[in-house]
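Colleague: Sequence:
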Amino acid sequence: MDRYVRFDAAAVSGGEKPRIAIARALARGTPTILVDEPISVLDVASEERTIDMLMANARTLVPVTHRPSVVAKADYVIHLDGDGRVRMNSSQS
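Read in order, the letters of the sequence shown correspond to residues 1 to 93 in UniProt numbering.
Since the hints were made in silico from the structure, they are not lab data. Among the hints, erroneous ones may be present.
What the hints assert, rightly or not - Simulated restraints, written as ranges between beta carbons of each label pair:
| # | residue 1 | residue 2 | range |
| --- | --- | --- | --- |
| 1 | R59 | G15 | 21 to 31 Å |
| 2 | M88 | A11 | 38 to 48 Å |
| 3 | R85 | L42 | 29 to 39 Å |
| 4 | V86 | T60 | 14 to 24 Å |
| 5 | V41 | V71 | 32 to 42 Å |
| 6 | D52 | H79 | 16 to 26 Å |
| 7 | S90 | D8 | 43 to 53 Å |
| 8 | D8 | V71 | 13 to 23 Å |
| 9 | L34 | V12 | 14 to 24 Å |
| 10 | G82 | V41 | 19 to 29 Å |
Here a beta-carbon is modelled for each residue, glycine too, at the ideal position from N, C-alpha and C.
Based on the provided sequences and hints, a complete structural model is requested.
Modeller: Right, dumping it as structure tokens:
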């Protein structure tokens with residue numbers, strides 16, 4: 001990228017904000033990306049594309065999610081129960 005693009009951050013929609021943040025992290029080559037409900041505002045098709053893109057481009061992706069579709073793609077899952085117990089499962093995908 002040979003130039004900066006300026007825009008009014010207030011004009012960005014709620015669905016665009018997480019996508020911009022994810023794109024910035026990927027463009028920087030961030031080795032570990034932490035995301036909290038990264039796809040909560042996306043439709044099903046966009047959700048699928050976004051998760052697949054993140055998994056293909058991030059060395060380590062740590063999402064916090066309630067979506068079974070995201071959990072199903074994970075190599076490792078840490079599940080926090082309502083009573084404070086922690087469970088870890090491997091090889092989910």
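Colleague: Indicate, hint by hint, whether the structure satisfies it.
Modeller: Results for each hint:
1. In this structure the supplied range 21 to 31 Å holds for R59 paired with G15, their Cβ-Cβ distance being about 26 Å.
2. Restraint check, M88 to A11: a C-beta distance of roughly 42 Å satisfies the suggested window 38 to 48 Å.
3. One distance hint, 29 to 39 Å for the beta-carbon pair R85 and L42, holds here, with the actual separation near 30 Å.
4. One distance hint, 14 to 24 Å for the beta-carbon pair V86 and T60, holds here, with the actual separation near 19 Å.
5. As the Cβ distance of V41 to V71 is approximately 18 Å, the hint placing it in 32 to 42 Å is violated.
6. A C-beta distance of roughly 23 Å is found between D52 and H79, which places it inside the suggested range of 16 to 26 Å.
7. Between S90 and D8 the beta carbon distance is about 44 Å. The supplied range of 43 to 53 Å therefore holds.
8. Look at D8 against V71: about 36 Å separates their beta carbons, and that is not inside 13 to 23 Å.
9. As the Cβ distance of L34 to V12 is approximately 21 Å, the hint placing it in 14 to 24 Å holds.
10. As the Cβ distance of G82 to V41 is approximately 25 Å, the hint placing it in 19 to 29 Å holds.
Violated hints, listed in ascending order, are 5, 8; each of the other numbered hints is respected by the structure.
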